[in-house]
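Single-letter residue listing:
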Amino acid sequence: MTTSRRDFLIKSSLVSGGLCLGLSLPFTANLALAAGTEDLASPIEMGAWVLIRPDNTCIVRIAKTEMGQGTLTGLAQLVAEELDCDWSHVKTEKVSPQENLKRKNAWGQMLTVGSFGIRFSQDYVRRGGAAARFMLLTAAADQWQVPLSELTVSKGIVTHQNSSRSTTYGKLAEAAARLTPPDPKSLILKEPKDWKIIGQPLNRLDTADKLNGSKSYGIDVNLPNMLNAAVMACPVFGGKVKSLDDSRALKMPGVKKVVRLDDYGFAVIASTWWRAKEALGAVLVQWDEGAAAQASDATIKAHLEDGLKTQTGLYEFRKNGNALDAIQGAVKKIEGTYYAPFLAHATMEPLNCTALVEADRAEVWVGTQDPEGALLAMSKQSGIAIEKCFLNRYDPGGGFGRRGRVSDYVTMAVSIAQQMPGTPIKMIWSREEDMTHGQYRPISMCKFTAGLDANHKVVGMHVRLSGQSIYAWRNPTANLKDYKDDFQLQGWFADPKSDQQLCYTLPNLLIEYAMRNSHVPVGTWRGVNVPQNSFYMECFIEEMARASGMDSVEFRRSLMPTQSRQLAMLNLAAEKGDWNKPLAKGKHRGIAQFMSYDTYSAATIELSLDKSGAVKIHRIVLALDCGYAVNPAQIEAQVQGSIVYGLSAALWGECTIQKGRVVQTNFHNYRVLKLAEMPKVETIIKPALKGSWGGIGEPTIAVVAPALVNALSNALGRPIRSLPLKNQKLV
Amino acid sequence: MKSKKLNINGKNYEVDAEDQTPLLWVIREQVGLTGTKFGCGIAQCGACSIHLNGALARSCVIPLSSIKSSDKITTIEGLSKDDSHPVQKAWLQVDVPQCGYCQSGQIMAASALLKRKARPTDQDIDEAMTNICRCGTYQRIRQAIHLASDLTNSPANKKLG
Ligand code: FES
Ligand code: FES
Numbered sequence: 001m002t003t004s005r006r007d008f009l010i011k012s013s014l015v016s017g018g019l020c021l022g023l024s025l026p027f028t029a030n031l032a033l034a035a036g037t038e039d040l041a042s043p044i045e046m047g048a049w050v051l052i053r054p055d056n057t058c059i060v061r062i063a064k065t066e067m068g069q070g071t072l073t074g075l076a077q078l079v080a081e082e083l084d085c086d087w088s089h090v091k092t093e094k095v096s097p098q099e100n101l102k103r104k105n106a107w108g109q110m111l112t113v114g115s116f117g118i119r120f121s122q123d124y125v126r127r128g129g130a131a132a133r134f135m136l137l138t139a140a141a142d143q144w145q146v147p148l149s150e151l152t153v154s155k156g157i158v159t160h161q162n163s164s165r166s167t168t169y170g171k172l173a174e175a176a177a178r179l180t181p182p183d184p185k186s187l188i189l190k191e192p193k194d195w196k197i198i199g200q201p202l203n204r205l206d207t208a209d210k211l212n213g214s215k216s217y218g219i220d221v222n223l224p225n226m227l228n229a230a231v232m233a234c235p236v237f238g239g240k241v242k243s244l245d246d247s248r249a250l251k252m253p254g255v256k257k258v259v260r261l262d263d264y265g266f267a268v269i270a271s272t273w274w275r276a277k278e279a280l281g282a283v284l285v286q287w288d289e290g291a292a293a294q295a296s297d298a299t300i301k302a303h304l305e306d307g308l309k310t311q312t313g314l315y316e317f318r319k320n321g322n323a324l325d326a327i328q329g330a331v332k333k334i335e336g337t338y339y340a341p342f343l344a345h346a347t348m349e350p351l352n353c354t355a356l357v358e359a360d361r362a363e364v365w366v367g368t369q370d371p372e373g374a375l376l377a378m379s380k381q382s383g384i385a386i387e388k389c390f391l392n393r394y395d396p397g398g399g400f401g402r403r404g405r406v407s408d409y410v411t412m413a414v415s416i417a418q419q420m421p422g423t424p425i426k427m428i429w430s431r432e433e434d435m436t437h438g439q440y441r442p443i444s445m446c447k448f449t450a451g452l453d454a455n456h457k458v459v460g461m462h463v464r465l466s467g468q469s470i471y472a473w474r475n476p477t478a479n480l481k482d483y484k485d486d487f488q489l490q491g492w493f494a495d496p497k498s499d500q501q502l503c504y505t506l507p508n509l510l511i512e513y514a515m516r517n518s519h520v521p522v523g524t525w526r527g528v529n530v531p532q533n534s535f536y537m538e539c540f541i542e543e544m545a546r547a548s549g550m551d552s553v554e555f556r557r558s559l560m561p562t563q564s565r566q567l568a569m570l571n572l573a574a575e576k577g578d579w580n581k582p583l584a585k586g587k588h589r590g591i592a593q594f595m596s597y598d599t600y601s602a603a604t605i606e607l608s609l610d611k612s613g614a615v616k617i618h619r620i621v622l623a624l625d626c627g628y629a630v631n632p633a634q635i636e637a638q639v640q641g642s643i644v645y646g647l648s649a650a651l652w653g654e655c656t657i658q659k660g661r662v663v664q665t666n667f668h669n670y671r672v673l674k675l676a677e678m679p680k681v682e683t684i685i686k687p688a689l690k691g692s693w694g695g696i697g698e699p700t701i702a703v704v705a706p707a708l709v710n711a712l713s714n715a716l717g718r719p720i721r722s723l724p725l726k727n728q729k730l731v
Numbered sequence: 001m002k003s004k005k006l007n008i009n010g011k012n013y014e015v016d017a018e019d020q021t022p023l024l025w026v027i028r029e030q031v032g033l034t035g036t037k038f039g040c041g042i043a044q045c046g047a048c049s050i051h052l053n054g055a056l057a058r059s060c061v062i063p064l065s066s067i068k069s070s071d072k073i074t075t076i077e078g079l080s081k082d083d084s085h086p087v088q089k090a091w092l093q094v095d096v097p098q099c100g101y102c103q104s105g106q107i108m109a110a111s112a113l114l115k116r117k118a119r120p121t122d123q124d125i126d127e128a129m130t131n132i133c134r135c136g137t138y139q140r141i142r143q144a145i146h147l148a149s150d151l152t153n154s155p156a157n158k159k160l161g
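Listed in order, the protein sequences are those of chains W and Z.
One point on numbering: in the numbering used here, the residue at position 214 of the first sequence is 214, and numbering is uninterrupted.
One point on numbering: in the numbering used here, the residue at position 3 of the second sequence is 3, and numbering is uninterrupted.
For the record, the hints were derived by calculation from the structure and aren't laboratory data.
Hints may be right or wrong, so weigh each one.
Unchecked claim - Partial pick of chain Z residues on the chain W-facing surface, computed with a CB cut under 7 Å:
| id | residue |
| --- | --- |
| 1 | Thr34 |
| 2 | Cys40 |
| 3 | Gly41 |
| 4 | Gln44 |
| 5 | Trp91 |
| 6 | Asp95 |
| 7 | Pro97 |
| 8 | Cys135 |
| 9 | Thr152 |
Stated by the list, open to error - One side only, chain W facing chain Z, incomplete, derived with CB under 10 Å:
| id | residue |
| --- | --- |
| 10 | Trp273 |
| 11 | Pro350 |
| 12 | Glu677 |
C-beta: ideal position from N, C-alpha, C; glycine also.
All chains, please: the whole structure from these sequences, using the hints.
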């Protein structure tokens, strides 16, 4: 398999070398070979981002990871817009990290986290499309001996009006490829008013093979001579294997080998994954669970509570005026302490990775949000130079941050394969392993104190956040003496240029952070720290509104600059959500707003609550301003998706710790939203400012929990300060 | 270990697997049809949904031993030859999938529902569609089921058919 692949690379570059400025064309050709369908030599490269086939197919290269969020289609729209090609002729292919490395980052950073996909690459991918267009037009001008300025192009057909000649991109490609690509920076991009493809609610390009079972995910990889591995790591994070007896397991059908995972666990390698998984239970293992086995929710919460009280080791994140004095002198004082638990990602496709380690090369087959990081992890674990590491990209069955900057599962797969050199091994985590060995959303508590004057105006607010730091977990040796970790305070920045700005103007504001780490691994979960911080802030703002006797929307408005984009979204969500219209009996509303990832969102939620405390959400109206809306249909899908993810977490989501381990193991005790519980979602996309590109995958989740909780506290007439709601008495 | 005969998507297969092996893993690993997905292994998520003699079933909890050679198993690969099942057509038109991982199971569940009930109400859909989608495609799934029902039952379609 691997040999033929390498042979093929050589052949393909021989065939096409003359047409593409000496650059090889590995991936299209690769995919075509795999599919056995395409004419191998036919796609011709026009700069890094575009390939054209004689039949006019335009292949757009995608460097970012498509894991459901629709970025593939959006990025293709950006390129196709500048290319002026026929959208129905657009196809895509994935860039491989080793190719990106070889070509000195021709496709920029591949890492797909932080709602980066479009907002941080839109400029250079559009220039990639424009460069290809320039080359194709130059080829036509040369061929016809006419000035380039006399040519027009529409849907991939180039026309010279004066001489009534026209031709296609497919016909021009060969000549165009001989030209030197232009300096992308020299190209002038289209004015937004001239866009024909950007901004259209187009269907996704990657749907067909998701409807008939033919799409291959990492978990579906099948290679000649491949074996399968099931794994078990010490259930207590940081625990080690004390002793291990694999004699019974080795006698089970299909079992080939039992191997250690460093010192923290083991893997069974067998002919099928099911046999490997069955044999896991037959391995007699004794763990050295270490001191962490004493940890529980109670000990971790006590640690956080200490962070709420302490006077030392604090990071003063924001300070204007003197909040403490102002609150002291206030007519009315309000106080509330909030809490949000650890959460697992529970991507639909459990973590998996297939690896092959040979004497001087390593190869993996994996769905990852960080192909370059995964390549590094392979090289680091195997000791094989990165130039000899190859990563085959698969679209993950969900990422939500779990397949982001941490490549723990890639390292693990490589370490298993190293113990059986020459044999490809597919490692799959069971759902139980996936849920109990996550990179959890950090736990935190947040204490607010605020004061109002006689006119019910806020005179000061003190925010004390106490919680675990992702940065500290990922950089255990980092010097964090001053506990400075801005990342944990996402959404509360003062700087109007920040993409995570707190959109309220508060006099006398003090925000402090007490870093309180535990032994539980933490990482980036859809929205990272935004969903917790927005829940805290927006629910406490609601408490202040109630204390002031003002309407929730009015109160928020009074704290916002009159012309702000955020205010526009608040107003829109209120208006479309019928905020000022009377409610039917038994129904309640809540509202929240937040800005993150350069996108402004606000939502109104309408629900009813029965006598037993059961919540029924009827309707959610979510307004967002993400700047340019590249594909409104996909934005709408992301809004719906983030609402499902956010509601699941707010209603039921928690990973609790007992004896040092995560209690929740599978969907029966980590409940998530199902179709019957899905409220009607109305998405209103309204850009308020030209020239800005906001994120889409994460920002809108920010308003889900607070709008829900605010609706419930309106229903109950008292604040709710802790998630998930299943643990709250809602009567 | 004895070999066992299975009929999947109208084709006969002979597999070697232990009796207690869940049908899901036999289909994925021995037969090699990977469209049917693993999500939980405990009948919670529906990613592994198939039709067993025409009825919806979660294959991760069906032991191989309970399958008879006369049983007819349909997986996502066998739903139609050319993606022409009304559910597949509606799914494409409504642009339902996000990551797509749960969608084989969703489509098998929806097609089983429509077979039972040509014109499902929203409540029928609520009751029948209990598969998990972490990407949150539920609103479009509902829309696509109604469309699939229209595609199947519209007079124009009947004439064609
Ligand atoms: S894998 Fe069968 S229901 Fe989840
Ligand atoms: S589409 Fe991703 S889990 Fe449903």
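Open item on the list: Checking each numbered hint in turn, tell me which of them this model violates, lowest number first.
Closed with: Going through the list in order, the structure violates hint 9 alone and respects the others.
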